[in-house]
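Residue numbers (the working numbering), protein chains in the order written: chain A, 1379 to 1784; chain B, 1379 to 1784.
The hints are simulated quantities; they were obtained by calculation from the structure and are not laboratory data. A quick note: this is a predicted structure, and the numbers were derived from the prediction, not measured. It cannot be assumed that every hint is accurate.
All copies of an identical chain are treated as equivalent in the list; a pair is satisfied when it fits inside any one copy or across any two copies.
What the hints assert, rightly or not - As a list, the in silico DSS-like pairs of lysine-lysine whose alpha-carbon atoms are at most 30 Å apart:
#, residue 1, residue 2
1, 1713, 1575
2, 1535, 1555
3, 1736, 1483
4, 1713, 1691
5, 1555, 1483
6, 1535, 1553
7, 1782, 1553
8, 1535, 1736
9, 1483, 1575
10, 1713, 1782
11, 1691, 1553
Take a look at the letters that make up each chain.
2 protein chains.
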Amino acid sequence: MHACVIATGSELLRGRVRDENGALIAAGLFRLDMELGEMRFVGDRVADIRSALDETAARYEVLFITGGLGPTEDDLTCGILCDLAGVGTEIHGPSLDRMNDFFSKRGMEPRPGDMKMVTVPIGSRVFPNEVGMACGFAMPFRSSRVIALPGPPRELKRMWEAHVLPWLREGLGVKEKMFLTFRTLLLREAEADERVKSLELGKSGLEWGICTAPGINEITVTSTGGANFDESALRSSMRRLFGESLLDGESLEEEVVALLAGRGLTLSLAESCTGGMIGARITDVPGSSRVFRGGAVAYSNEAKESVLGVSRKTLEIYGAVSVETAREMAEGARKVFGADIGISTTGIAGPGGGSPDKPVGTVCFGIADGAGSRGERQYLPGDRGRVRAFSAVFALDMLRRYLKRI
Amino acid sequence: MHACVIATGSELLRGRVRDENGALIAAGLFRLDMELGEMRFVGDRVADIRSALDETAARYEVLFITGGLGPTEDDLTCGILCDLAGVGTEIHGPSLDRMNDFFSKRGMEPRPGDMKMVTVPIGSRVFPNEVGMACGFAMPFRSSRVIALPGPPRELKRMWEAHVLPWLREGLGVKEKMFLTFRTLLLREAEADERVKSLELGKSGLEWGICTAPGINEITVTSTGGANFDESALRSSMRRLFGESLLDGESLEEEVVALLAGRGLTLSLAESCTGGMIGARITDVPGSSRVFRGGAVAYSNEAKESVLGVSRKTLEIYGAVSVETAREMAEGARKVFGADIGISTTGIAGPGGGSPDKPVGTVCFGIADGAGSRGERQYLPGDRGRVRAFSAVFALDMLRRYLKRI
């Protein structure tokens, strides 16, 4: 089956918002036996959305259209589709109840525009929105079929996984490609790409793709036929290629929380340059409170001293960004929060603060347990955002490797 | 002038690579008097690239096409364009010299494919590539004009800034556009939209759009004519519409850091349900170390007690999620880190932990200064991610409003 994505929203054409929905759908379809032929971003203009639908409906069997289901005037998707398809609209009862409930709980009144979010084409297959208000829906369109999804990536992601994917399988009978996903840490995409290429997966009829986030490459290997899809062989060759940098869990923080829970150990943090990013990621995992005692964001030297007990001497001799300070921070975090393990980061995220001997991107990490502590110094170049993101990944990975060894 | 972007590359359609070039061009055009009507991502297939060019050339005056200028087999752009336009190709001398120089310096021979990178349509305006090898170029195409740019974002970015932008201004006479961006906090998009609508900006020839992130609406007003673009009038009507919920700075965290710096005050944090998200946002601002002393992620009751000095009695009587605990957390953070102001969050982010009297989404906030402390309880419903994101925005906004008052 051939598919196309039409992402609506003028903000995408103003470069203020990066596309997430298109990438998510593309990655999702890559795992199905459905080929994504093109992706279009169009503004919130009737004429542009109409011609995008006209042109693509003639060429693809399934059209995914994202955005334009919200409450505002420039949310046009449902109206245009009904207009072109010549069908009327109806209110989706369950979604209306949910919306009214949401508002009354907060002592608020729905605004006139809000009704749009629970209005769908008559007879369409409705996809409930569990994290927002705008319904998604699927409807026949010309010789094709349209699937309309909300614009906010959080809402689309949830709707995609909970409702759209199952419907594509059962409703449309789209076959799953067989696929395996591998996640590697702290490798450049080009490097991961080269290594996977060396496997020459194409020769055995396998396709693969890499999707990169800061510090993590997600490698997905798929097979439509499935004939040559030897899961254990794949796993071992990936293991051979990437060794310990291969993640077992779905995400780095989930794996760390699971490893801690499995070993009955508790964690505390001392963050400087990451400023709370590691804590934010750990506590993003439901139930992390079982293993996470807490953390200190010790941004100033005073805080490193007074809160974490880093000795002034260490700060004076080695400086705030040093392996020695990182070790004392980790030890301090462990003591202060009464945890089994303490992890620390201290570095120069930039843009200022660099020096010839400690350039921007110099980050030190510490880990402490009952037996003692160790630290390491890394150079993680890039802009402030990249240095911080990679530092958080590096610290979590250091902990992960430690936990796997004990 | 109406423009369109065609980004070529099959990897974009596998969710394997996130688009950067489209976003960069979009952001660049938004500041010019050139309207980006649509963006298309197509694979490296002759048929797909041809029909994209056919359809868009009929509709737009300028087509930007990115990618497909490299040395490999699936680099097709120049060939397809010359074929469709019926023009021959020529070697761009300066670029060839540069390439030969590059290779000879490394004792390498150019491979046959490499010549493609310095081959351009006869008579085209060539944009030299200063960080790579593939030339960009502009050529008339049907009643339109095509600007072909290399796929690697680093190369495109440099070429765009150094050569394409100046050429758009001087060569095509494209004017800069006027625009103003306003940001409002913790308003539902529908509500913000209704208020802006009441200004009837369209009547004075202004365009506007809203782009929403958790807790923040970004309203951008643009004018091509500029005749009716009365900046101060716009500012005051937005001020009238949104009052204190209107942000002055580029981002909430930047404004908070600027307000603290302006008043010579320092900040400390006590985060529970936000787990470090507030610290991460504050420290995302370069130079935040001047005003940010540090924070404690006090996830467990023990940490609230031992690190922040919240009294056991308070925790027992009112519970961890209470205005009383929030206040003591804020006071504790202030003392522990020796800051002028302490901010705290404690809440139930879910999915578990809710109760009839404190459902998931119940979050308490505290703020403490030398004069004392106060707290408030909010209900911020949604899934774990939304509760946490809104809690961080709410806490930062509470601080922002406090700072604007003193």
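Verification of the supplied hints:
In this assembly of identical chains, residue 1713 and residue 1575 lie within 30 Å of each other by CA distance neither inside one copy nor across copies; the values are 47 Å within and 56 Å between. In the homo-oligomer, the alpha carbons of residue 1535 and residue 1555 lie at most 30 Å apart inside one protomer (20 Å), although the nearest pairing across protomers, at 35 Å, exceeds that limit. Proximity of residue 1736 to residue 1483 under the C-alpha cut-off of 30 Å is restricted to the inter-copy arrangement: shortest distance 13 Å between copies versus 54 Å within a copy. Taking the shortest Cα distances, residue 1713 and residue 1691 sit within 30 Å of each other both inside one copy (20 Å) and across copies (24 Å).
For a Cα distance limit of 30 Å, the shortest separation of residue 1555 from residue 1483 qualifies neither inside one copy, at 43 Å, nor across copies, at 44 Å. In this assembly of identical chains, the alpha carbons of residue 1535 and residue 1553 lie at most 30 Å apart only when taken from the same copy (20 Å versus 39 Å across copies). Taking CA atoms no more than 30 Å apart as the test, residue 1782 paired with residue 1553 passes in neither setting, with 37 Å inside one copy and 58 Å between copies. Proximity of residue 1535 to residue 1736 under the C-alpha cut-off of 30 Å is restricted to the inter-copy arrangement: shortest distance 28 Å between copies versus 41 Å within a copy.
In this assembly of identical chains, residue 1483 and residue 1575 lie within 30 Å of each other by CA distance solely across copies; the values are 27 Å between and 54 Å within a copy. In this assembly of identical chains, the alpha carbons of residue 1713 and residue 1782 lie at most 30 Å apart only when taken from the same copy (23 Å versus 38 Å across copies). When the C-alpha separation of residue 1691 and residue 1553 is checked against a cutoff of 30 Å, the pair qualifies neither within a copy, at 64 Å, nor between copies, at 59 Å.
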